[in-house]
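Q: Sequence:
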Amino acid sequence: MTENPAKDAMRDEYDIDTLIEQATPVLRRYILTLEQENARLRQELHELQGAATRRERAASARESREPSSSATVPTPSYGDDVMVITVTAEGLCKRTAINDYSAQRRGGVGVFDIQTSRDDQVAHVLIGRAAAALLVLSSRGRAFRVPIETLPLTEVRGRGTSLPTRLMFTEGETIGALLALDEEEDDRPNVLIATASGWLRALHRNYVGPRLQPGTLLVEPARGGPPVAAALSSGAGDVLVALRSGVAYRFSEQLIRREGVRGIQVRPDDALVGLTGIAGDSDDSIFLATQEGLGTRRGEATFSANKSPGGQGKVIMKTDALVGVAAVNEQSEVFCVSGLGKIIRFAVAEAPVKAGNVQGVNIMDCRGDRLTAFAVTTPPAQE
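Going by our numbering, the first residue of the sequence shown is number 1, and it counts up by one from there.
Don't read these hints as lab results, they were simulated from the structure.
Careful, some of the hints might be misleading.
Label-pair restraints from in silico Cβ distances [as the list claims (entries may be wrong)]: (1) 171 x 280: 13 to 23 angstroms; (2) 189 x 74: 48 to 58 angstroms; (3) 329 x 235: 15 to 25 angstroms.
For lysine-lysine, the following BS3-like pairs were computed, each having C-alpha atoms within a straight-line distance of at most 30 angstroms [claimed, not checked]: (4) 314 x 354; (5) 354 x 307; (6) 318 x 307; (7) 354 x 318.
We treat Cβ as the ideally placed atom computed from N, Cα and C, and that holds for glycine.
Can you build the whole structure from these sequences, using the hints too?
A: Structural data, given as structure tokens:
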């Protein structure tokens, strides 16, 4: 057998036993390092599993307290002429029969409504009969009446048409506030209009009746800012105005002068987002909702009236993203819409009445989205 001179030379130069003896401490340190790293990873895995278990238990506890949004609930029936009107920030508008929407339990994701884009999110929702009119207040304080029956009638998931184009808005003019006017079904005599900076004006509804001239100036933006909310009232009760920061202020409606009055002090980083009339002699409550999809009700008696308008207000709900306020009763229903066009319908009775300031309960699942508006209505007596 032929010898390999190179292999013999390497064997002579290196003693294999010596090499093994020298490498043993290094290997031991390496093995110890691996064991320590393995123990650390096992500990992290154990902690992660524990955290996941705690989250699952917390979610189960919440589900046990929250109603199931998928549970079947009765859906009140309305007349075939009652419509849900949705409008985007840029003015796309459509109407759909209210009976096309099924009631859900609060806290669900709802269904997709008007087709829109992320750049033009839904900003308004209203309930009104086809025979009624839609009062449109522009960002420049101009008023228009639009017959609801002339709005495009679509299925739940449908496209709208442009109100600003139809009403020939000027450049830069947008929709500020909307109000459904039904002279046959709702005899409340006054229209309340509020601006972002807290300025209020009360008008007799004759000013916005069928003879309203398109483009009539009702609010001077240079004085109080653009209109952002409107509501009907009895004229004899109180008015409640609310800010995005969750602060509200209540006072007698009779203190509002025809030319207007400052209803509440508004900081530069805040804005008025809603107002509602309060009868004062009823068992109604005040419904409130936030962009995070939380809602609550406050009893009217838990928020007393002030002697004059223009105060700083006090916290009515713990939030920095209030969407609006509305007077409701135990039979009322709520329609909430999100920026991306989802809508959910549920009974207001599912949101408990609270006496103090709370964060609210889940009324709409807004993951990756935000609640932007809501409307309330009371169904007719069911046979």
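Q: Looking only at beta-carbon atoms, does the pair residue 171, residue 280 fall within the given range of 13 to 23 angstroms?
A: Violated - the Cβ-Cβ distance for residue 171 and residue 280, about 44 angstroms, lies outside 13 to 23 angstroms.
Q: Is it true that the CA of residue 314 sits at most 30 angstroms from the CA of residue 354?
A: 16 angstroms, holds
Q: Within a Cα-Cα threshold of 30 angstroms, do residue 354 and residue 307 meet the stated pairing?
A: Holds, at roughly 24 angstroms.
Q: Is it true that the CA of residue 354 sits at most 30 angstroms from the CA of residue 318?
A: 12 angstroms, holds
Q: Would you check the hint for residue 318 and residue 307, treating anything up to 30 angstroms between C-alpha atoms as holding?
A: Satisfied, since the Cα-Cα distance of roughly 25 angstroms is no more than 30 angstroms.
Q: Does the beta carbon distance between residue 329 and residue 235 stay inside 15 to 25 angstroms, or does it fall outside?
A: Since the Cβ atoms of residue 329 and residue 235 sit about 20 angstroms apart, the hinted range of 15 to 25 angstroms holds.
Q: Assuming the hint says 48 to 58 angstroms, is it satisfied by the Cβ distance from residue 189 to residue 74 or not?
A: 35 angstroms, violated
Figure legend: structure checked against the earlier numbered hints; hints not met, in rising order: 1, 2.
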